[in-house]
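Asks: Place chain B on chain A using the hints.
First to last, the sequence lines map onto chains A and B. Read left to right, the first sequence gives residues 1 to 189 (the working numbering). Read left to right, the second sequence gives residues 1 to 468 (the working numbering).
The set of hints was computed from the structure by calculation and includes no laboratory data. Just to be clear, a hint being listed does not mean it is correct.
[Claimed, not checked] Cross-link-like lysine-lysine pairs, in silico, PhoX-like; alpha carbons within 25 angstroms at most: (1) 4(A) - 164(B); (2) 99(B) - 376(B); (3) 141(A) - 424(B); (4) 26(B) - 118(A); (5) 241(B) - 4(A); (6) 90(A) - 424(B); (7) 427(B) - 141(A); (8) 130(A) - 90(A); (9) 26(B) - 104(B).
For reference, the chains in residue letters:
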Amino acid sequence: MFKKSGDNAPLFAGLAVVFFMIGGLLTTVVPPMVDRSWGKPFENADASKGPVGKLEAYTELELAGRAIYVREGCWYCHTQQTRTLLADTKRSGWRGVDSPVSTPDEFVYDSPHLFGTKRTGPDLSRVGGKYDEQWHRTHFKNPRDLVPGSIMPPYPWIANDEKEFKAMVAYLQKLGRAKHWRPDNDYEK
Amino acid sequence: MAQEKQTVHSAAATSGAAVHEDTTAKWFLISAVVYFLIVGVVAIIIAAKFVWPEMLGTVAMLSYGRLRPLHVNGMLFGWLLAADMGLTYYLVPRLCGVKLWSEKLGVATALLWNVIILGAVVSLLMGWNQGWEYAELPLPLDVLVVVAWIMFGINVFATVATRKYQQMYVSLWYTMGCILWTAFVYLTGNFATLFTTGVNQANLNWMYVHNAVGLIFTPVGLALAYYFIPKAGNIPLYSHKLSMIGFWSLAFFYVWTGAHHMIHGPISQWLQTISIAFSLMLIMPVWSVVYNLFATMKGHWPRTRDNVPLKFLMSGVVFYLLTCFQGPMHSLRSVNAIVSKTDWIPGHAHMAVLGAFSFFAIAGTLYVIPRMFNVKLHSDALANWSYWLFMVGGIGFFVTLWLGGFWQGWQWNNPSIPFIDTVKALKPIWIVRFFSGIFMLGGIVAFLYNVIATVVDSAGAKPEVQGA
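With the rest of the complex left out, here is chain A (with noise of 0.2 angstroms):
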């Protein structure tokens, strides 16, 4: 058949598709389907089965800051998973206290999804409530203020418009807040 399909090129297109189809549905189409976590928001009110919480979907103002992160290219510093490694969940954790790792059903209103690819700055899935309106308002005018050795680019025009400002602050507040694991208050309120 292999052979045949050398000079026949009809039989050789239909042969290229089916063999790159079993493994293109198999991977994207069923996946889904097996798995329900994919597409059911998080919703817990039992202790014993980790973290309890509810995810909401985003507000309007949420989405426009989201839509900033997404023009500004911040995902391609910055990660939003909290990974199944020891680490992950030190560097996402809070005073101590380790951060939950991140799970499918806390995404689903992300649309693009922000799992980003690489930590050039520290992951973001727990920064919700780390620090306040003001930390971030100092951040974004520059970083090396704050952060001395930082390389995260400054972001005058997002500081000094207020509309924007608020948005942007308002999406990263709300940031891995659907499991309530922190021991008391943050800085949110």
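Replies: Same frame as chain A, but now just chain B:
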């Protein structure tokens, strides 16, 4: 083995029968080479921003987050894919022994491609970014890409349908495979993603990202390697059977591996395991191709000495072997825990897209430009210079990022080291990366100058006799 050997020249020897216009190939290649330089300058700027983060810091359009997608999309689609398409327009008619089905359609495709790239430059600088890696371009441009791809596909398949040689050479398989698979891969990454969210969308996005390299740049790149190594070296291909194993295993295994971009991440464990298993199996299509090409060169290595295209080609094969060994290794959970998300990854990605596939495209361009314009290459010495500049810059870039990335990963896995210390630690790495980039840019300049000067020579000089 003897009767199994298939030669490219058997097809080419008689190709004198068809007179090739090559207008489409010329348009694609010349615009690709120009984008190579422009986007190379963008690359240098973003490399510099790692060392001097405040450089051009107050200009939103020139900030890191806008220029990085311009660099990636510009290199992938403006330079590499355009060059690959140009070379395909050159080699498909020759392997079929007929003229290109329609030069008019081809030139229209080249024009449309340039419209897309210019549109991409504007949108990415404006921040009109869809938020998916490799699929940043806004929807209207995605639609134009689909149209251009259909125009390209029609031209290639119609040429194959009217071919004079019954037997299809392996480069033709890879070209046709690329066109068909790309259609599905591109639709998945740019359109199917619109109807999904979260992890489901990420899975589709990474199916696309992975196969943009695996089923777009790999097959078209290998089509070039399989064509130009025997041509430039004047050696018959070692084994037809082996090339068949390579092709069909690529067709079957590659597409399963997208989820290895989310190892340890929030995606089903069983899907991660499948992607790891298939990533390991990728060794098969890769090694069968590399073995075939090395065996072809056996006993003929001295020919690389003063044959610059052959030098680029065989170095590309070595980089291909290395990068495709790294890939499966990264997918192992233990290795992934260290290198994933670090600077190792750009080191790996650049070896694939620059070291392997761009080297093939550069070699092809250096080989076909003099033949299409009927003159000698402007300067062999300059071509040799561009080779060494790319090699020094490339190896400097790959090796320092691997070392740096590995070190970074070790530090991340020790949570008692504050994150910012892992940033400061990489500064020397980023300085070396910047200077390696300068070398590569030098390689691009030498290459571009050589191509343009050859074209200019052809306008003035009397046509030299060159084998078509």
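Asks: All the hints need checking, so say for each whether the structure fits it.
Replies: So, going through the hints one by one against the coordinates:
Simply put, residue 4(A) and residue 164(B) have alpha-carbon atoms about 17 angstroms apart, close enough for the 25 angstroms limit, and the pair holds. A threshold of 25 angstroms between alpha carbons decides the hint, and for residue 99(B) with residue 376(B) the separation of about 23 angstroms falls inside it, so the pair holds. Restraint check for residue 141(A) and residue 424(B): satisfied, since their Cα atoms lie roughly 20 angstroms apart, inside the 25 angstroms limit. Distance restraint check for residue 26(B) and residue 118(A): the Cα-Cα separation of roughly 37 angstroms exceeds the 25 angstroms cut-off, and the hinted pair is therefore not satisfied.
For a cut-off of 25 angstroms, the pair hint linking residue 241(B) to residue 4(A) stands: about 13 angstroms separates their Cα positions. Taken as a hint, the residue 90(A) and residue 424(B) pair is honoured in the structure, with Cα atoms around 20 angstroms apart against an allowance of 25 angstroms. Under the criterion of a C-alpha separation no larger than 25 angstroms, the hint pairing residue 427(B) with residue 141(A) is consistent with the structure, at around 22 angstroms. At most 25 angstroms may separate the alpha-carbon atoms for a hinted pair to count; residue 130(A) and residue 90(A) meet this at roughly 14 angstroms.
Among the hinted pairs, residue 26(B) with residue 104(B) is consistent with the structure: their alpha-carbon atoms are about 13 angstroms apart, no more than 25 angstroms.
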